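Now for the letters of each chain:
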Amino acid sequence: MKSVPENRLTNSGFGSATSVSFLSLTRLRGMGSLIALILIMGVFAVSSPAFLQIQNLMNIIVQVAVIAVIAAGAMFIILTGGIDLSVGGVMALAGVLAASAVRASDSTTLGIVVCLGTAVLFGLLAGVLVTYGRIPPFVCTLGTMSIARGIAFVYSGGIPISGFPESFRFAGSGEIAGIPMMVIIPVVIYAILYFVLVRTPFGKIVYAIGSNEEATRLTGIDTQKYKLFVYSLAGLLTGIGALLYIGRINSGHPGSGIGYELNAIAAVVIGGTSLSGGRGSIIGTVIGALIMGVISNGLNLMNIDPYFQSVVLGTVIVFAVMIDQHSQK
Amino acid sequence: MTITKRTFLAVMSMTLPLVLGAGTALAGNAKVFGYAVQDLGNQYWVAVANGVKDQAKTLGVDVVVMDARTDAARELSNIDDMIQKKVDAILLSPWDANSGANAVAAANKAKIPVFVLDIGVASGSIESLIVSDNLKGGRIAGEFVASKIPANAEVAHISCQPGYVIPALRGQGFKEVMKEKGINIVASQTAESQRAKGMDVMQNILQAHPNLAAVFAENDEMALGAVEAIAAAGKSKQVLVVGFDGTGDALASIKDGRMAATVAQQPYEMGKLGVDTAVALLNDGKKPEGETYVPVKLITSDTLPAK
Numbered sequence: 001m002k003s004v005p006e007n008r009l010t011n012s013g014f015g016s017a018t019s020v021s022f023l024s025l026t027r028l029r030g031m032g033s034l035i036a037l038i039l040i041m042g043v044f045a046v047s048s049p050a051f052l053q054i055q056n057l058m059n060i061i062v063q064v065a066v067i068a069v070i071a072a073g074a075m076f077i078i079l080t081g082g083i084d085l086s087v088g089g090v091m092a093l094a095g096v097l098a099a100s101a102v103r104a105s106d107s108t109t110l111g112i113v114v115c116l117g118t119a120v121l122f123g124l125l126a127g128v129l130v131t132y133g134r135i136p137p138f139v140c141t142l143g144t145m146s147i148a149r150g151i152a153f154v155y156s157g158g159i160p161i162s163g164f165p166e167s168f169r170f171a172g173s174g175e176i177a178g179i180p181m182m183v184i185i186p187v188v189i190y191a192i193l194y195f196v197l198v199r200t201p202f203g204k205i206v207y208a209i210g211s212n213e214e215a216t217r218l219t220g221i222d223t224q225k226y227k228l229f230v231y232s233l234a235g236l237l238t239g240i241g242a243l244l245y246i247g248r249i250n251s252g253h254p255g256s257g258i259g260y261e262l263n264a265i266a267a268v269v270i271g272g273t274s275l276s277g278g279r280g281s282i283i284g285t286v287i288g289a290l291i292m293g294v295i296s297n298g299l300n301l302m303n304i305d306p307y308f309q310s311v312v313l314g315t316v317i318v319f320a321v322m323i324d325q326h327s328q329k
Numbered sequence: 001m002t003i004t005k006r007t008f009l010a011v012m013s014m015t016l017p018l019v020l021g022a023g024t025a026l027a028g029n030a031k032v033f034g035y036a037v038q039d040l041g042n043q044y045w046v047a048v049a050n051g052v053k054d055q056a057k058t059l060g061v062d063v064v065v066m067d068a069r070t071d072a073a074r075e076l077s078n079i080d081d082m083i084q085k086k087v088d089a090i091l092l093s094p095w096d097a098n099s100g101a102n103a104v105a106a107a108n109k110a111k112i113p114v115f116v117l118d119i120g121v122a123s124g125s126i127e128s129l130i131v132s133d134n135l136k137g138g139r140i141a142g143e144f145v146a147s148k149i150p151a152n153a154e155v156a157h158i159s160c161q162p163g164y165v166i167p168a169l170r171g172q173g174f175k176e177v178m179k180e181k182g183i184n185i186v187a188s189q190t191a192e193s194q195r196a197k198g199m200d201v202m203q204n205i206l207q208a209h210p211n212l213a214a215v216f217a218e219n220d221e222m223a224l225g226a227v228e229a230i231a232a233a234g235k236s237k238q239v240l241v242v243g244f245d246g247t248g249d250a251l252a253s254i255k256d257g258r259m260a261a262t263v264a265q266q267p268y269e270m271g272k273l274g275v276d277t278a279v280a281l282l283n284d285g286k287k288p289e290g291e292t293y294v295p296v297k298l299i300t301s302d303t304l305p306a307k
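The listed protein sequences correspond, in order, to chains Z and C.
So the first sequence is numbered by our numbering: it starts at 1 and just counts up by one.
So the second sequence is numbered by our numbering: it starts at 1 and just counts up by one.
Keep in mind the hints are simulated off the structure, nothing from the lab.
Errors might be hidden in some of the hints.
Simulated crosslink set (EDC-like; lysine to aspartate or glutamate; CA at most 20 Å straight-line) [claimed, not checked]:
| no. | chain 1 | residue 1 | chain 2 | residue 2 |
| --- | --- | --- | --- | --- |
| 1 | C | Lys237 | C | Asp302 |
| 2 | C | Lys111 | C | Glu127 |
| 3 | C | Lys57 | C | Asp88 |
| 4 | C | Lys85 | Z | Asp305 |
| 5 | C | Lys179 | C | Glu143 |
| 6 | C | Lys86 | Z | Glu166 |
| 7 | C | Lys136 | C | Glu180 |
| 8 | C | Lys109 | Z | Glu166 |
| 9 | C | Lys31 | Z | Asp305 |
| 10 | C | Lys148 | C | Glu291 |
| 11 | C | Lys237 | C | Glu154 |
| 12 | C | Lys109 | Z | Glu175 |
| 13 | C | Lys287 | C | Glu127 |
| 14 | C | Lys53 | C | Glu269 |
| 15 | C | Lys53 | C | Asp39 |
| 16 | C | Lys136 | C | Glu176 |
| 17 | C | Lys109 | C | Asp88 |
| 18 | C | Lys57 | Z | Asp305 |
| 19 | C | Lys53 | Z | Glu175 |
| 20 | C | Lys255 | C | Glu289 |
| 21 | C | Lys175 | C | Glu143 |
So the derived list for chain C, only partly shown, Cβ under 10 Å to chain Z, looks like this [to be verified]:
| no. | residue |
| --- | --- |
| 22 | Leu40 |
| 23 | Ala73 |
| 24 | Lys86 |
Since the model is a prediction, treat every value here as computed from it, not as a measurement.
For glycine and all other residues, C-beta sits at the position ideal for the given N, C-alpha and C.
If we strip away everything but chain C, and leave its shape as in the complex, we get (with noise of 0.2 Å):
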């Protein structure tokens, strides 16, 4: 009697958080996309999954955002229940270029059209590639830099890791604008996207180059480090520094007046234009283009949002 009662006791306890669950669930057959996001746990992933969520709501398309939690793996589970699912369009924020392209392959496999979001894929074939405008926003950044300084001053610049293609974009941006208004990068080396990394190559390049009037790093992070190296060796008032992301650390550093800019990316902006795009294509056959530009815009002391 005692073992059934607790068979009993097992077997409802375990399925009881299931049929909760159940009542949570979208009712709809419309069009389904499936969105296979990077980190829930990223705040920038999560504006970019709220814009895809609010304007799927709006154009009244049903969305299943998987989460993948920094796992190439879990990554790869998501694509293959959305496929199961038969979703209409997978938005996919890879977790890198290479995860990336295994689940684009899976989706090819499948015959779902595939739409990335950020990051972008090593191969196989997609939609487009929905992307901040990198090259427009180091650009941005070069005027900003280029209005703040004498046509003859020294600037430096940091950058992410070789290889990593999307921020050498906006190092390519800053560095036509920095050409073309005469201006000399005397410095440019690599921090590996990391906060202290960007410290320490700031610390060599202050070393080098004393007269130094402004750097741009290709991320906030190393930005921030290089804040720091900067101040350590009392030159804050001297170096200009102006980072690319718009985290919530550097906009606390510009009101603090130790940054001077950032470049934001604008992800929920990123999260609606996906649907959009998958939208216009599905249901209104337009092709869209290979790459589909998200606008950045510039955040200084005088720009920085309210709160």
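Looking at chain Z on its own, in the form it has when it is part of the complex (with noise of 0.2 Å):
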């Protein structure tokens, strides 16, 4: 890993910022995100008395886990001007093999590789076609998105696959000292990617790909090899997602994680990372991740009409980008 001179490129855990007169509007985009969830949350806490209780809110992080876990992923490759449309589909594979393994062999450590190795290798595909291959990611991970749910349907029979040892399911449905191993997962992993993301080379090298990544090649910097890694740490973090997902459901299961590719790009869109790269913060994404959960939580709280949740999250998303878009200016 080549390293970047400390002072030309710097960032902070709100945003990166390229230049120092940006530095106050990046840091009042990952600030906005959290006045509003502290704000929303300030409304379901008068509206429901179940919310703000201690147990209600190990929940939420619960029901969040493994969408801002694999937000995460879906953050650094956005970050790089890319986009991460194969996440559902990887997820259900990396499921459904596992289950499957772990069925037929009884071990943890098996189920493990094949999920988390299913993912990575699903992620390397992704990140050689956009590199090597030139297809534009969209298309790409569309593409790769439609196989690995493919494959999941076929190998599986469209059945799905149960009933699993406690050890295994212990990332999803095990708890240390009453925390939920839902809780410790995501928060150990956020912190890792925080400082895997400030405070190293490779993150600033993520930022600067995505902020001009022709300039940034011409530094010396092997982009492709980056680019490559970045598809391949979100193809891991998404195999994690897998993996807390299966623990959680006790299941494998081909339909399993439609839509969430969605989802993850929503948390990442509303803690303020722009979608055409270079710009975000790792701290605004679990914020927006948490966004999402609350919303949905504590409108189920409310008794609100179920049909009526969609159209409250999408209002949020709008407003999210909308306001992204203009502090751009």
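If you follow the hints, you should be able to join the two separate chains into one complex; please do so.
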């Protein structure tokens, strides 16, 4: 990994900044979603007594854990100026293959290896097609999504594969000292990714590629290699998401994860990451995921019509992007 | 200054829909039921949900409907939210028997009674499974077929996936009647609940049994596939097709004189019965049967609903 001079590219936890004058705006974007999260939570706290209880807040994190983990991967790809539509399909395939491996061998380790391995391979495949194959990421991952889901259905014959040993379910349904693993794992992952993105040269290069890939390449950085790595990393995170998912529901289902790619992208965008790449923050993404989870949970607690919930979520996404656009000026 | 303005805009725009949404929330804190449904994008479940809502209103119970949108994880999240909301009973139409088992386990832990509407659950403690009388439905289909064909005729049976318990009961009821009437089932194959597979399977059966007089499929999709295969073979006048479910497509096919009959489930009635059963237990202490049956009815061209 080549290092980049510290003074050329800087970034903060709340967003990258390619120039000092930009810093305040990117900070605002991150802060905007945080303030929105707090206010939304305030509305729910007032309207539903069940909302602010510790158990419910824990429920919310458990409910958004899968989306939050795969959204982190989606964010890395979006930072490089790419997009990943394959996560839902890859999640289903990784889940089905891992479920089948566990059922056949009774080995938790094998199940985890198959789950993560499948997802990393698909990430790598998308990366190769995008970089060396020069296929636009949108089209490429649309294709790999369809391939992955197709294989999941062919392999399973459309029938879910269910019933795992407790050890295999640990990531999705276990707890340590009363705290669900679905809370611990995302927190650990986000802490690591924050460090990677903010404190390592790799993180700075990811931002640089998204800001201006050609210029980054001309500084002597092998951008293709880094993009390949980013797609594989996103694959790994999708695999972890799949592991959490199947552990939670105790079943590998070929139809699972439909629409998860869009939810992940929505979390990234609500968190203030620019879809054109180069700007965004890991903290924003986790806030974006939390906003989606809080809205869904809070509206449920308030007896809001399920159909109406989509309207609210869609409205939030639209406004989030609108704010993103305006703050770019 | 502009920064504060933008922050204000951001915050207001995100909270506005929530404030608007708050107005539509139910106010009462009487008995509250939760209905966790697998997919409100599907007419069948919309009908069950409407039955639940209407009957709850009639009986003065609030009901929270949460839609899993075909996602087992969201189903579990919905159950968690219901537990958090301290509903008095959970009515559940699970995504499948396994996801249902997880949902029931969570509700059991929270000591909230669960009434399962259709599908069934693989494990866990439930008060009652409210489900169409599938065995009876299969028998009704059998009686209809038997009344239309001679006793020495050949009939076929197309089943859903092996291991699917509920549709298998339909097949069982049908086979019972055929046995009682001494009618010979010459072929019994699975088409995995799908229309396209139903067509393939029917083609094969017709190949082997050109004199077939009737076929019973355990759902309408497969029956509609069979109808196509029979039409392609030019045997529409010869082979009687009976399905199960009463879907819109099936009713249209009966109207066109292509399918002979279907055994219709009554999802709206199922929703009502679910609420009745739960209210009977919670308010009147009336313990339900392990399985509560929703009547099914035969629909032929003579008994088609008006529209």
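Quick rundown of the hints versus the structure:
1. C:Lys237 / C:Asp302: This hinted pair holds, its Cα atoms lying about 18 Å apart.
2. C:Lys111 / C:Glu127: Holds. C:Lys111 to C:Glu127 sits at ~12 Å (cutoff 20 Å).
3. C:Lys57 / C:Asp88: holds (15 Å)
4. C:Lys85 / Z:Asp305: holds (15 Å)
5. C:Lys179 / C:Glu143: Distance ~11 Å between C:Lys179 and C:Glu143 Cα, so the pair holds.
6. C:Lys86 / Z:Glu166: violated (28 Å)
7. C:Lys136 / C:Glu180: holds (14 Å)
8. C:Lys109 / Z:Glu166: Judged against 20 Å, a Cα distance of about 17 Å means the pair holds.
9. C:Lys31 / Z:Asp305: Holds, at roughly 18 Å.
10. C:Lys148 / C:Glu291: With Cα atoms ~32 Å apart, C:Lys148 and C:Glu291 exceed 20 Å; violated.
11. C:Lys237 / C:Glu154: holds (15 Å)
12. C:Lys109 / Z:Glu175: Holds: C:Lys109 and Z:Glu175 sit about 15 Å apart, inside 20 Å.
13. C:Lys287 / C:Glu127: Roughly 8 Å between the alpha carbons, so the hint for C:Lys287 and C:Glu127 holds.
14. C:Lys53 / C:Glu269: Holds, because 11 Å separates the two Cα atoms, which is no more than 20 Å.
15. C:Lys53 / C:Asp39: The given pair, whose Cα atoms are some 16 Å apart, holds under the 20 Å limit.
16. C:Lys136 / C:Glu176: Holds: C:Lys136 and C:Glu176 sit about 10 Å apart, inside 20 Å.
17. C:Lys109 / C:Asp88: holds (14 Å)
18. C:Lys57 / Z:Asp305: Satisfied, since the Cα-Cα distance of roughly 15 Å is no more than 20 Å.
19. C:Lys53 / Z:Glu175: violated (36 Å)
20. C:Lys255 / C:Glu289: Status violated; Cα separation ~37 Å.
21. C:Lys175 / C:Glu143: The given pair, whose Cα atoms are some 10 Å apart, holds under the 20 Å limit.
22. Leu40: With a closest approach of 6 Å, the C:Leu40 hint holds.
23. Ala73: holds (6 Å)
24. Lys86: holds (7 Å)
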